[in-house]
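Q: The numbering of the sequence shown is numbering that gives the first Met the number 0, which starts it at 0 and goes up by one.
There's no promise every hint is true.
Claimed, not checked - Pair ranges (Cβ atoms, derived):
| id | residue 1 | residue 2 | range |
| --- | --- | --- | --- |
| 1 | Pro-3 | Asp-58 | 30 to 38 Å |
| 2 | Ala-11 | Asp-61 | 31 to 39 Å |
| 3 | Pro-21 | Gln-104 | 16 to 24 Å |
| 4 | Ala-18 | Val-108 | 28 to 36 Å |
| 5 | Asp-61 | Gly-87 | 32 to 40 Å |
| 6 | Leu-56 | Val-6 | 32 to 40 Å |
| 7 | Ile-15 | Asp-112 | 26 to 34 Å |
| 8 | Thr-91 | Leu-47 | 27 to 35 Å |
| 9 | Ala-18 | Asp-58 | 31 to 39 Å |
Just so you know, the hints here were simulated from the structure itself, not pulled from any lab data. Positions of the beta carbon are idealized from the N, C-alpha and C atoms, including for glycine.
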Amino acid sequence: MVTPPTVAEVLAHRAIWAAHEPAAYSYVLTQSGGFNVFAGRPFEIAVLHDTVQSVRLFDTGDVVPGPYTFWPPTINGLFDQALSAIEGQQLTTIAFDPLRGYPRQMNFVPQPDRTTLVNASILEPSP
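All chains, full assembly: derive it from the sequences and hints.
A: In structure tokens:
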């Protein structure tokens with residue numbers, strides 16, 4: 000039996016991330032589920048000082064126009080999503096990067112109009 004993630008588990012990994020968080024980084028975000036034309040498409044997210052600076056479609060390099068106020072999340076935003084989903088009993092599993100501690104995959108209770116899977120990968124510090 001798989002036990003649901005806990006707040007303590009997420010906070011422990013957030014502390015690991017905080018200890019290694021680069022000021023500037025990029026990562027690839029893929030979300031699945033819900034009624035979204037971009038579901039399943041990977042995006043390259045560029046972040047500076049915990050603020051999304053740019054978003055590109057990973058496979059084509061096409062720019063996704065902003066503003067980026069609510070989407071996509073920074074890595075800290077992924078932690079916030081995880082904590083909120085745990086509070087609402089909506090997060091079923093979470094996997095963390097073994098080196099930097101950030102959430103690599105989150106699975107949510109399936110709902111027709113919501114994201115059910117989030118993947119974050121290829122995190123690279125930027126110069």
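Q: Which hints, by number, does the structure contradict?
A: none
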